[in-house]
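Engineer: As a plain string of letters, each chain reads:
Number of protein chains: 4
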Amino acid sequence: MNCIEKLTEIFRRFPGIGPRQARRFVHYLLTEGESARENLILTVAELKSSALQCSSCFRFFTKTGRDSRTCALCLDSTRAGSSLMVVAKDVDLESVEKSRTYDGHYFVLGNTISFTDKEPEKNVRMAELTARINKEVKQGKLKEIILAMSLNPEGEHTAEIIRKAISPLLQDANVKISTLGRGLSTGTELEYSDAETIKNALQNRKS
Amino acid sequence: MNCIEKLTEIFRRFPGIGPRQARRFVHYLLTEGESARENLILTVAELKSSALQCSSCFRFFTKTGRDSRTCALCLDSTRAGSSLMVVAKDVDLESVEKSRTYDGHYFVLGNTISFTDKEPEKNVRMAELTARINKEVKQGKLKEIILAMSLNPEGEHTAEIIRKAISPLLQDANVKISTLGRGLSTGTELEYSDAETIKNALQNRKS
Amino acid sequence: MNCIEKLTEIFRRFPGIGPRQARRFVHYLLTEGESARENLILTVAELKSSALQCSSCFRFFTKTGRDSRTCALCLDSTRAGSSLMVVAKDVDLESVEKSRTYDGHYFVLGNTISFTDKEPEKNVRMAELTARINKEVKQGKLKEIILAMSLNPEGEHTAEIIRKAISPLLQDANVKISTLGRGLSTGTELEYSDAETIKNALQNRKS
Amino acid sequence: MNCIEKLTEIFRRFPGIGPRQARRFVHYLLTEGESARENLILTVAELKSSALQCSSCFRFFTKTGRDSRTCALCLDSTRAGSSLMVVAKDVDLESVEKSRTYDGHYFVLGNTISFTDKEPEKNVRMAELTARINKEVKQGKLKEIILAMSLNPEGEHTAEIIRKAISPLLQDANVKISTLGRGLSTGTELEYSDAETIKNALQNRKS
Chain A
1 MNCIEKLTEI
11 FRRFPGIGPR
21 QARRFVHYLL
31 TEGESARENL
41 ILTVAELKSS
51 ALQCSSCFRF
61 FTKTGRDSRT
71 CALCLDSTRA
81 GSSLMVVAKD
91 VDLESVEKSR
101 TYDGHYFVLG
111 NTISFTDKEP
121 EKNVRMAELT
131 ARINKEVKQG
141 KLKEIILAMS
151 LNPEGEHTAE
161 IIRKAISPLL
171 QDANVKISTL
181 GRGLSTGTEL
191 EYSDAETIKN
201 ALQNRKS
Chain B
1 MNCIEKLTEI
11 FRRFPGIGPR
21 QARRFVHYLL
31 TEGESARENL
41 ILTVAELKSS
51 ALQCSSCFRF
61 FTKTGRDSRT
71 CALCLDSTRA
81 GSSLMVVAKD
91 VDLESVEKSR
101 TYDGHYFVLG
111 NTISFTDKEP
121 EKNVRMAELT
131 ARINKEVKQG
141 KLKEIILAMS
151 LNPEGEHTAE
161 IIRKAISPLL
171 QDANVKISTL
181 GRGLSTGTEL
191 EYSDAETIKN
201 ALQNRKS
Chain C
1 MNCIEKLTEI
11 FRRFPGIGPR
21 QARRFVHYLL
31 TEGESARENL
41 ILTVAELKSS
51 ALQCSSCFRF
61 FTKTGRDSRT
71 CALCLDSTRA
81 GSSLMVVAKD
91 VDLESVEKSR
101 TYDGHYFVLG
111 NTISFTDKEP
121 EKNVRMAELT
131 ARINKEVKQG
141 KLKEIILAMS
151 LNPEGEHTAE
161 IIRKAISPLL
171 QDANVKISTL
181 GRGLSTGTEL
191 EYSDAETIKN
201 ALQNRKS
Chain D
1 MNCIEKLTEI
11 FRRFPGIGPR
21 QARRFVHYLL
31 TEGESARENL
41 ILTVAELKSS
51 ALQCSSCFRF
61 FTKTGRDSRT
71 CALCLDSTRA
81 GSSLMVVAKD
91 VDLESVEKSR
101 TYDGHYFVLG
111 NTISFTDKEP
121 EKNVRMAELT
131 ARINKEVKQG
141 KLKEIILAMS
151 LNPEGEHTAE
161 IIRKAISPLL
171 QDANVKISTL
181 GRGLSTGTEL
191 EYSDAETIKN
201 ALQNRKS
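Protein chains in written order, with the working numbering: chain A, 1 to 207; chain B, 1 to 207; chain C, 1 to 207; chain D, 1 to 207.
No incorrect hints appear here.
Remember, identical chains collapse to one label, so a pair may be satisfied in a single copy or spanning two.
Straight-line alpha carbon distances no greater than 20 Å define the calculated PhoX-like cross-link-like pairs of lysine-lysine that follow:
id, residue 1, residue 2
1, 176, 138
2, 135, 176
3, 63, 6
Source of the hints: derived by calculation from the structure; they are not laboratory data.
Assemble the whole structure, with the sequences as input and the hints as a guide.
Structural biologist: Here it is in structure tokens:
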């Protein structure tokens, strides 16, 4: 396999990329010329050396001047330490941050748990989550853990597994577990809504 | 214009139908033969003679034995008269009925109100709604009016106009106005959610 | 089943229409009012009484003043009687007419022949086609039969079956059978073309 | 801009990639770990050092043992030197090769020529093409130049410009210019075909 084919194979493994688009990527790099290829190499190399996983919330971040193992969100002392939002992935955390409606802490599981997953603790950071909760419970600041999963079968399954795993840790502590509210989301049309969404929208209706 | 072209024109005005599909409908009727055409004619004629608009909720229904002007939902004495759900269209009412989570009464506005609509009371049944609410307030059973509009700009605008129009009627009565709950709907993924949905999901979170 | 449900069922059988859109059609007819329903009934009734199938090419047409059993295309004496184009459906004939590049006669099979079709002569007008060809061969004007099928597996299968069926009728007559040319069609991009299309485009290349 | 953002920007410039997918690519590289990043860096570096543009047909290829400036297709003495196919891009050449229906030589223009292009000779390899044709005409082997462009407005415009540019070079030589055949391509349905395709399919019909 020559390097054109090898690079095509590498791009094929990128999320959502088929053989044809992978081939186009290689061709793009070939025609864009020297500096584009050099730029890609240097930036991936920089990623290699400066991208870190936060030791507290486990999201990826980039090292700045101070050589810290903790990300800016976790270091930010103006954020409320009373709530911890558990999300499946970095992109979920970024979505919540963009909404500018939450100022507590985060924990990134790294994955959702599928129904066929026999050992969920291997695919998500279960041990790290229980360790973190245990520590925070002892410190006494934590008041609420928000399980912020997507509203699809895998998201709900993940929330259920997490709830079972962390409930015992909270027994004597005054920490509640909550989940995101349900009802109509932006763009939802009544005509096309399923029974579950209508039920939630009715139960959670507001005066 | 011959009758093939005329019928194609008629089908083109059906919701969501372009010239090509309209032409296919005509061809379907031509090839399906005599009984299919006869069946369509008879059923539309039956619709003409037996479909009625309920004098109470204004949805369409079909006359059964008893020659009533009121639909089965409105006549059903087991349904709670304490709540009235205002919807834009018949299909919205049908969606809510299918969810089997509401057992109160309905009122169908007939339309949503667009932002450019100078005289909304001409496109929606505003006079009929206020008349109905006035009557119900006098009878003293009504406790809640649920504005059940889709969560899009026109739906929200409609709810706002309706709320302004009916609030004065409820001043001395103990009747509250509510809207459907907001948050994640079935299938919502955090990664792709807008700030508004995340804000609602967070504000309405549940223990 | 009331007439709203009955009409929904009828529309569901229309080509390409699901339950939701069928329901919308009924609602459209209910809200459009009396004259729209009346118009539909009258036009379908007119279709019933005045749409005819041409006794020569078997396409559907509408009776005009002269009470003819033959359509305008078949009656048009300026069209060349030397070529007969065999198409699967009325819409194919209409497509060719719109292109204004053919001035011969037509024959509509009524269907394509699927691979699982054990008795193709029941689904397409095979007997009528052979009768017509026999008659035309005797008259001595016919020079070419064009099998104008779509370039998909069923279209090619149909052309093959038809060719086998009509070849024996032409043995002593000087009538050739032809098929539509192959190569790049409007919009074809080389990058996304399959081997067959490229092969045809190369074989049929033009100086 | 940190390196996560920088890499996202780089991927956004990849063909067909939006900001969201670019972000996913970066996340994929972060989670796939060290070896995936290393592998990408090494292969792009290899591309930098070993991908060459053929001095004869101008497609990209990878250097093998022999340090040649000419690609394997151009060096292959079993391929017919009597025909030269002019294509817009590498991917077009690859499409034709996959069809295994052509065994002549190629020339890659590098681009198509758009209608607004005032100086087409700057965007496509016009000088290189005329040089190559002049050389081949002198050698006396060339019999045919195939302009193999996609059948869209830009493809046709490109073919026309190229034809005008190379015709003078062929005046005394016995070399013809041809274009790809037109008609139905795989999957073409008569019902949905435009007039141009039907015209070509009829003109190029085959016995």
